[in-house]
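Residue numbers (the working numbering), protein chains in the order written: chain A, 1 to 279; chain B, 280 to 379.
Worth flagging that the hints you see were computed from the coordinates, not collected in a lab. Careful, some of the hints might be misleading.
List of simulated lysine to aspartate or glutamate pairs, EDC-like, C-alpha gap at most 16 Å [what the hints assert, rightly or not]:
| no. | chain 1 | residue 1 | chain 2 | residue 2 |
| --- | --- | --- | --- | --- |
| 1 | A | K26 | B | D363 |
| 2 | A | K20 | B | E300 |
| 3 | A | K79 | A | E158 |
| 4 | A | K272 | A | E146 |
| 5 | A | K79 | B | E300 |
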Amino acid sequence: SNTLALIYLISASLFILGLKGLSSPKSARRGNFIAAFGMILAIAASLTKIHPNGNQITLIVIGVIIGSVIGGFSARKVKMTAMPQMVAAFNGVGGGAAATVAVIEYLRLSVANRSVVITALSSILSVAIGGISFSGSIIAFAKLQEILTGVPITYKGERFINAAVFLAIVVIGIYLIAFGTGLAILGVLLLLAIILGVAFVLPIGGADMPVVISLLNAFTGLAVAASGFVLGNTVLIVGGTLVGASGTLLTKMMSDSMGRSIRNVLFASVGKVIDQPSG
Amino acid sequence: MTTATLNFLTVFVLAAFVGIEVISKVPTILHTPLMSGSNAIHGIILVGAITVTASTTGLLGETLGLVAVILATINVVGGFVVTDRMLEMFKTRRQTEVKK
């Protein structure tokens, strides 16, 4: 409806103002509040304007309550020093949500609708990028939490395997766009994306995790924007793209401030058998 | 390409320019809070999760819908709360520096 679209426009504007505020020390805290207000507005509007049956509204309300308790509790309890891995965790669940939303919509679409190129392409991007961000963030979390070693995990042939998984995702993606069939094949795509996310972060050292989390944050933004294309929802497109674009620039700024290139941070130790921990 | 798709593409491209422009002057000290704050903003996927769950039927769709809503809500609530705690810490740190 028009009212809903207008409220989404207000929310999108508040996100921009929020980001603007967050990038200056004086207004940072206010910026975070402004963005949170935009978020509450968009969520409240979509809750009141959609008309699901009783069963579905119950599911949504239960989901929101469970999510608020988990998110609120873990954000309040986390130690100050453990905040970067908490951001990784929250980013990972966001990526997982974006991939899941695209899967649900794909499930609902008829084969004819799945074959519309833009729908197929955005579903695949959302599932693939969301999946990578989900598992990559879990590995980043595990490294910072010292569940996994902070030393790059590398092995011979790593480059080849990572490239093969990436290629497989591209090939399956093209197949899905061409034929628009097979939910199972979309499931395989998601599984490969999850494997690639793990494989991508394993060879990166613990000290470089903030840069990686920033990149995965931008990834989740893009996955959300792709979901916005699948659903035809502008506030998802704007919110996701803002994070995708600003997150990419932020990733570059963070590696610049370490005096390194993004490429060096991400790929320097892939497949190398290292004697000393680097970075 | 349909008009609707073209409109979405326009919104996408313009949002990308705005996203880059709006944070281009962020000081190094705010890198992590900005990352955390923008992390909360992509929690807007909750709106998508609510929308698809409202129109899905069947056990698989509804289960996935519940999962998507829970994950997205964790992203939103956790994201904003943790960002606020980071920024609060900055404020108190600055005040103690002034007192010294």
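Check your understanding: What hints, given by number in increasing order, does this structure fail?
Key -> Hints 3, 4 and 5 are the ones this structure does not satisfy, whereas the remaining hints hold.
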